[in-house]
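Residue numbers (the working numbering), protein chains in the order written: chain A, 1 to 248; chain B, 1001 to 1115.
Accuracy of the hints is not assured; some may be wrong.
Partner residues are not named here, just some residues of chain A that face chain B (Cβ under 8 Å, in silico) [stated by the list, open to error]: (1) Leu-32; (2) Tyr-35; (3) Thr-125; (4) Leu-141; (5) Ala-188; (6) Phe-206; (7) Ile-219; (8) Ser-227; (9) Val-241.
Hint data in this document are derived by calculation from the structure and do not stem from the laboratory. Don't be surprised by glycine CBs; every beta carbon is placed ideally from N, CA and C.
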Amino acid sequence: MSPHHDSSDAELFARLPDPAAREELLMRNKPLADYLSRRFAGRGEHAEDLAQVASMALLKSIDRFDPERGVQFSTFATVTIVGELKRHLRDRGWAVRVPRRLQELGLRVGKVVPELAQELGRAPTVPEIAKRTAMSEDDVLDAMEASQAYATDSLDAPVSEDDDRVPGDALGTEDTRLELMDGWASVAPALERLPAREKRILYLRFFEDRTQTEISEEIGISQMHVSRLLAQTLAFLREHVGGEIELP
Amino acid sequence: MHVLRSVAASAAARMNLSVDAIDDLRLSVDEACAELLKAVPSGSVLELSILRTGIDVEVVVSVDGDPGAWPPNGHERTLAWQVLSGLSDEVTFERSSSGPALRIRMHAVLEELGH
């Protein structure tokens, strides 16, 4: 590996839309990305998946880095890469326990569900998905089930440590209306701790009575992801209720 | 609980429910089990039955034991009730021979577009 000179890094950044400079920066900083991804290994996620996420994050940090701001690139890149790795592990918390085969089936199902929804004008049934993916109905069910497997503690850690908004998730104040509803008021403090996206999903499902498929279209994530986040969020809220609800 | 959830989902799939409805059912079973076990912490046997009645699917989850007040006081203000009634078309608190039960009714009609 070539030695690291911030001066030449600066030159490279100055040349930046230039693909060769971008490539060179990528090469130079690849060891940092690999190092960080290894630190997150051993949590059940495949090492190559993590390395991939870290590389993508590195690219992102190269494209977004602003040398004018007086921050070292390595500092900026580390924050970005660690953030992406954490997000990846959180979003894919299920991958921790789900065998590779089920993950792959899950991806196939996840791809076909929106296609069928589009064609049918409604959420598809399991036999319809099975037919389209050439999988058995049991495999489709297993894949759906697996996608709902999650680590219940994943919501306890992250909240507000970084901004969790997804694109298109213009957070409306409407979400706070959830707290005003009977029952939900009892978990207001826990609702406060939810990432914006999770809260929005709750709002859409329970206040606006939208289906998971509709929510997935609105938020721009898969129906299975909506399903998983809903299950995870409800489990999280259950743990934080205690059950006895007295409205003021 | 995981078993009940899977069984319910599997039965619902055989009844040709949409993936949305199946997931709602799965979440309902989770919520119902949690609610029943909260009412009867000593309960040891959870039972689930699922049946198709015309256009509806009905799921009854029950647990053995004495819950005291059932439905619990102020149940309409609990999160569990909100969640269950949000996910299904009707929720009823019942008593089976062995203990408290929750009956969850869901419409199982697919709005087919003509083809």
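**Request:** Just pull the numbers of the violated hints for me, sorted ascending.
**Result:** 1, 2, 5 and 7
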